[in-house]
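Below are the chains, spelled out letter by letter.
2 protein chains.
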Amino acid sequence: MRNELKSLFEPESIAIIGCSPDKKKIGGRPLDYLLKYGFLGSIFPVNPNYEIIEDMQCYETIMHVPSEIDLAIIALPQKLVLHTFLACIKKNVKSVVIFSAGFSELGEDGKKDQEQITALAKKHHIRVLGPNCLGLFNSSKRMYATFSTILENEEPLPKGKIGFVSQSGAFGSHVFTLARQHHIGFSHFVATGNESDIDVADCIEYLVHDDKTSVIACYLEGTKDGKKLINMFKLAAQKKKPIVLLKVGKSDVGMQAAMSHTGSMVGSDSVYDTIFKQYGVYRAETIDEFIDVANAFAQLPRMKGDRVAIFTVSGGVGIMLSDQVIENGLTLPETPKEVQRHLKSIIPIAGVKNPLDTTAQVSYMPTLLEDFMKAVLESGQYDAAIVFLGFSGLKPDSLATKLTSLMHMKQQFPDIPCVMVTLCNPEAKKLIHESGMVLNEDPTRAVKILSAVNELRKSKNHLEEMSADEGVRVPLDRINQFISYSSKKALTEFQSKQIVSHYKIPITVEQLALSPTEAVESANSIGYPVVLKGMSPQILHKTEKGLVQLNINSDQEVKDVFNHLKTIIQNEEEATFDGVLIQEMINDHSIEMYVGAKRDPIFGQMILVGLGGIFIEVFKDVSMRKAPVSPKVAKEMVEELKASQILKGFRGKTQYDVDSLCNLISQFSFVISMQEGVLEEVDLNPIMVFEGRKGVKVADALMKLS
Amino acid sequence: MRNELKSLFEPESIAIIGCSPDKKKIGGRPLDYLLKYGFLGSIFPVNPNYEIIEDMQCYETIMHVPSEIDLAIIALPQKLVLHTFLACIKKNVKSVVIFSAGFSELGEDGKKDQEQITALAKKHHIRVLGPNCLGLFNSSKRMYATFSTILENEEPLPKGKIGFVSQSGAFGSHVFTLARQHHIGFSHFVATGNESDIDVADCIEYLVHDDKTSVIACYLEGTKDGKKLINMFKLAAQKKKPIVLLKVGKSDVGMQAAMSHTGSMVGSDSVYDTIFKQYGVYRAETIDEFIDVANAFAQLPRMKGDRVAIFTVSGGVGIMLSDQVIENGLTLPETPKEVQRHLKSIIPIAGVKNPLDTTAQVSYMPTLLEDFMKAVLESGQYDAAIVFLGFSGLKPDSLATKLTSLMHMKQQFPDIPCVMVTLCNPEAKKLIHESGMVLNEDPTRAVKILSAVNELRKSKNHLEEMSADEGVRVPLDRINQFISYSSKKALTEFQSKQIVSHYKIPITVEQLALSPTEAVESANSIGYPVVLKGMSPQILHKTEKGLVQLNINSDQEVKDVFNHLKTIIQNEEEATFDGVLIQEMINDHSIEMYVGAKRDPIFGQMILVGLGGIFIEVFKDVSMRKAPVSPKVAKEMVEELKASQILKGFRGKTQYDVDSLCNLISQFSFVISMQEGVLEEVDLNPIMVFEGRKGVKVADALMKLS
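Here the protein sequences come in this chain order: A and B.
Residue 57 in full-length UniProt numbering sits at position 57 of the first sequence; the count goes up by one each step and never skips.
Residue 673 in full-length UniProt numbering sits at position 673 of the second sequence; the count goes up by one each step and never skips.
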């Protein structure tokens, strides 16, 4: 995979098919950029209408080029693309970028043409970026295979360590331009367009292995291949390359818009969100955050803990920052007492507890900022710093003094990430960037940056724990019984629980009775009181139909209720009677939980857990992961729930058997993963979780089949 | 009140005590600014060390000034302030700004001096701003009584309609400077410092009545007088002047920092938050949002509904904006079909459903943006618009064309607020500001702006409804029985419920029994089964002590349980036995709710509602208001709860008597308001809410006294 993409990202020879001498045209821009930025490989313009372009020989067709070609750019009208692509194959071109639009994004005809490109690419091992894409560039190779107008300016491009993959060319161009205003550069920029062949996951794989890239930034609308994307997330985590991602299409309206924009299916956003968290991908919510965090990951050292020191010239902003630091899951430990005394001796009116308020005196005492920072950071009690300097950035003298102090601190405490906050004009912004400091003009965004660096630390720990935890997989067989039901739409409670029970998941004591006599026998063997439930695979919600009868205490009652339940089912249209389930009546103190499985069309089996009953829906208190999960991750899921306070013994009340619940979740998650294609949806609801270490029992279950 | 503050905000004569010819000194800056910006009234420098400053006669003391003085600025060392203030009083100066620090913010001595100032100000009807304050300015009067360095620049100040009150000078200066970068101006800026006399509420009152101010922006750390602040919020709402407020001190650490910064008490942030919502004050969370929203309220027309049209040059950004519009409670209706057809006829590749994606073609077809906007807005289906133009702002030609289109649209649709989004350089920013368009560089912030304008619309409706609703107040007497208990710390359930019952709030059928015989009599008159509860004012949590016994079915059981409960209480140290409560056992289907009262030290009685039991604590699902509230507002409270889904009949299940619950909440809120000083905390928990229209009953209650 990697070698194939090398021809795209690091070509030594490029043919531009549809090349133009007009630098404003789509076929003219790549040549202009390649020449302007000094591409070191060979360039071959192709266009039958010209013999020479920019002093270079222009070829009639790709076949006429007297050399091997790593990358061909196709900048032609839609109707010429397929023909030209076939020529590229014939010429043994290794990879192709297709700028041309008019494919799957425009309807059925275009879709067919695109499918042909996909099939040909696969067959002939040629890699294709696009069609309908803005192209790509690779800064270190001075390789600019794009027609984006963002490179028209004469200004030099800032260098950068961020590799940027975007499913939208316009979005990518906007981000690129905004980043340039902040002097933030990219190692690579690639717009994947219609993704007939190369998709976002492929580009991530390339960037993970690229030395010039230390952070991967992604704009995503959706993916067709969830598993491939997850594998690349895992790879990035292994190689310690953080991914910052902005995914759109969260709301129904947004999802609709995304579907019509990409012309492809877009899965549930909450599943994407789960996947990102589970595999340590940082999800940004706004463009500002996207750039801020990508830049911070590229520039700042990693945090070792969550303790922040705030240095401020405004008490008010210090308070606001304190609030936001806490809200973002960071801590703000008080300055050690001896440091406080020392600082008070320098300037008595200062705030010295953290936030550290040097007051406006910072403008009259040039060493004040450095004195404060040094004393505080030297204590070893802090993992990060925010320095709020008001509008110092607008006053060159004031800025110079402070920047010098900050540079000293950066040298002295290279492992402590520090974000500088000040209002700036463009000159100041440039100066600060060149000093290597991470700058933001808004204090809240600075907190968000440290919060992201802290999340990175936590997800790194988390991923390490997860991989250490992988050995717990339980051996599972795939049972035939399971498959034989697959013609039906759903299984009854009895069948569903037989299956989970087969996989060592504890269920209520119960027997299926097909006659009143059998029912009485079962009731006596289980022991009174019992519960009777009418079984029919067509009736998914038994309670609503009166098919659950609690607290049955005698043989006669059992017989009567059996007949009653059978009648109810027989009176339902198209419902078949599968018998009556005789079940123990649970009276032990317990709490009802829900564990479920849902098959996502993109990412496969997801596992969910929450409080049983209506609370999961009312309070949306549910946690989700891609299955399977280890008991450790299951515990993490349970602890994410607000309801976990109840399980753990709220305010000194009863504690419930969380460990057994977590074992159940993990075991069940392996079951559903193994039956990937068979199960559409499973509800174990309720699961009775008993006190102390008394275990769990599945009291009801429902399996819907694919 | 208003006339007194006029001397401060609109003085015709200003004395500067401690005036200096050095423009960098605290006593020099106000003179510099007043002269530079052309103050039209009289200026009197006062300083015994000079005879002439800036060609003006300088007076030895304030007493030597040969004219009446509206405003005296005191820019002297702390130890001279009190003496000078007394001189000002003698001279009949109407108002004073005290720049000098060293008062309550620095400890006990300073606090005493400040208290003297407060007392003198009150006695002599002289108004005081400060001490420890940066001063104020009034743009339209060219009156600059401040030593802030923000006015040092020679640039002209942008004009503005925002009146800005800040409890922090440094915070205020920062906001002022940031706003100036965006060409946003202020009608007034006032920093209230230590608030010995004039506080934020006073300034709001002045600004509400000021013609030049259309929006009031506030930075707040806390207030000593909650009722005064509420009254000013109400006044602003009546006069339709929106307030945008940034309050800090949310987290415990932030609150600590705020207390040490202001030297005064800071109440619970959640109560402040409630007050802001209840009285229509928009709370901003970040400095960017604070400025964005204040500017939008000053510049944009009010929204008539929540329907937004998104115009974009990037499909991706369009999707992101769609998500964010929905997340912010706005709607995004699809473009009418005939408009879609029309737009497709102009440009077939466009997205025409909303978001409206003109694509990059907008750069090649100069009328495209206007064609799209006109067709869509003319449909009458939209209340607001966002126009995302990528980085057009960086290309002068492109910007000029688009700005012209937007200006046309603004003329044609003056009632539709429109936010323009594009990356800008400083020149473009200036140009756009001068055109009168509201601009933001970040699309997410643009959505937040429209969301704020929409909130303003909703809170306006809401406040109108509230005032229309004020007639429902129930006449209440203040009962003596209530007062007689006030020596105790808490009342028993029986006493508490007697009181609420006296105020027509329905409670369970119950009688207090002092002997086993009485208990049996009561049980028989109520009817079996009954509940027995042991009463002791020292035991607040009966269940934990085993003092609640359910489902008692016979005379003998009643006697036995009576004696058992009495023994439990007698065995508790320092607990007095107040009898046993015999109560009906409620078996009717019902849901348990919680209604409570908490006295906030700043704002007084607050009323809370939530689900009964532990859910209120586990899920933090509670809504709060300042008491009293009408049944209408009570309903709004209930509907804010996630649990309201259960009350209203979740998924077709039973509906409960919400109206009776709302009547109870309202009635109870008037009870607690009337007993303002007596009650510290009240829990009605649980309240049984019955099905359909079967009413409510308070099943347990606890009153803690102040």
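Worth double-checking, as some hints may not be accurate.
Said to hold, decoys possible - Result set (DSSO-like, lysine-lysine): computed pairs, CA atoms no more than 27 Å apart in a straight line:
#, chain 1, residue 1, chain 2, residue 2
1, A, Lys642, B, Lys642
2, A, Lys648, B, Lys545
3, B, Lys642, A, Lys111
4, B, Lys653, A, Lys598
5, B, Lys234, A, Lys111
6, B, Lys344, A, Lys79
7, B, Lys159, A, Lys395
8, B, Lys337, A, Lys111
9, B, Lys112, A, Lys344
10, A, Lys653, B, Lys642
11, B, Lys234, B, Lys458
12, A, Lys642, B, Lys653
13, A, Lys395, B, Lys429
14, A, Lys23, B, Lys395
15, A, Lys653, B, Lys566
16, A, Lys112, B, Lys344
17, A, Lys395, B, Lys25
18, A, Lys653, B, Lys598
19, A, Lys395, B, Lys24
20, A, Lys648, B, Lys620
21, B, Lys642, A, Lys598
I should point out that these hints are in silico values taken from the structure, not numbers from a laboratory.
These numbers come from a predicted model, not from an experiment.
Against the structure, the hints come out as follows:
With a CA separation close to 14 Å, the supplied pair Lys642/A and Lys642/B stays within the 27 Å bound. Distance restraint check for Lys648/A and Lys545/B: the Cα-Cα separation of roughly 22 Å lies within the 27 Å cut-off, and the hinted pair is therefore satisfied. The hinted pair formed by Lys642/B and Lys111/A fails the criterion: a straight-line CA distance of about 45 Å is larger than 27 Å. Between Lys653/B and Lys598/A, the direct Cα distance comes to roughly 25 Å. Compliance with the 27 Å bound is thereby established for this hinted pair.
With a C-alpha separation of about 61 Å, the suggested pairing of Lys234/B with Lys111/A is violated against the 27 Å cut-off. In summary, the hint linking Lys344/B to Lys79/A is supported, as the alpha carbons are separated by about 22 Å, within the 27 Å threshold. Distance check on the hinted pair: Lys159/B and Lys395/A sit about 23 Å apart at the alpha-carbon level, within 27 Å; holds. A hinted pair counts as satisfied when its Cα atoms are at most 27 Å apart, and Lys337/B with Lys111/A qualifies at roughly 25 Å.
This hinted pair checks out: Lys112/B and Lys344/A have alpha carbons roughly 23 Å apart, not beyond 27 Å. Distance check on the hinted pair: Lys653/A and Lys642/B sit about 25 Å apart at the alpha-carbon level, within 27 Å; holds. In summary, the hint linking Lys234/B to Lys458/B is supported, as the alpha carbons are separated by about 16 Å, within the 27 Å threshold. For the hint pairing Lys642/A with Lys653/B, the CA-to-CA distance comes to about 25 Å; that is within 27 Å, so the pair holds.
Straight-line distance between C-alpha atoms of Lys395/A and Lys429/B comes to about 21 Å, which keeps the hinted pair within the 27 Å bound. Taken as a hint, the Lys23/A and Lys395/B pair is honoured in the structure, with Cα atoms around 17 Å apart against an allowance of 27 Å. Annotation: proposed proximity of Lys653/A to Lys566/B holds, straight-line Cα distance about 25 Å (limit 27 Å). A threshold of 27 Å between alpha carbons decides the hint, and for Lys112/A with Lys344/B the separation of about 23 Å falls inside it, so the pair holds.
For the hint linking Lys395/A to Lys25/B, the alpha-carbon distance of about 18 Å falls within 27 Å, and the restraint holds. As the CA atoms of Lys653/A and Lys598/B are separated by approximately 25 Å, the hinted pair is consistent with the 27 Å bound. Between the alpha carbons of Lys395/A and Lys24/B the distance comes to roughly 15 Å, so the proposed pair stays at or under 27 Å and holds. Between Lys648/A and Lys620/B the CA atoms are separated by roughly 17 Å; this keeps the pair inside 27 Å, and the hint holds.
Straight-line distance between C-alpha atoms of Lys642/B and Lys598/A comes to about 25 Å, which keeps the hinted pair within the 27 Å bound.
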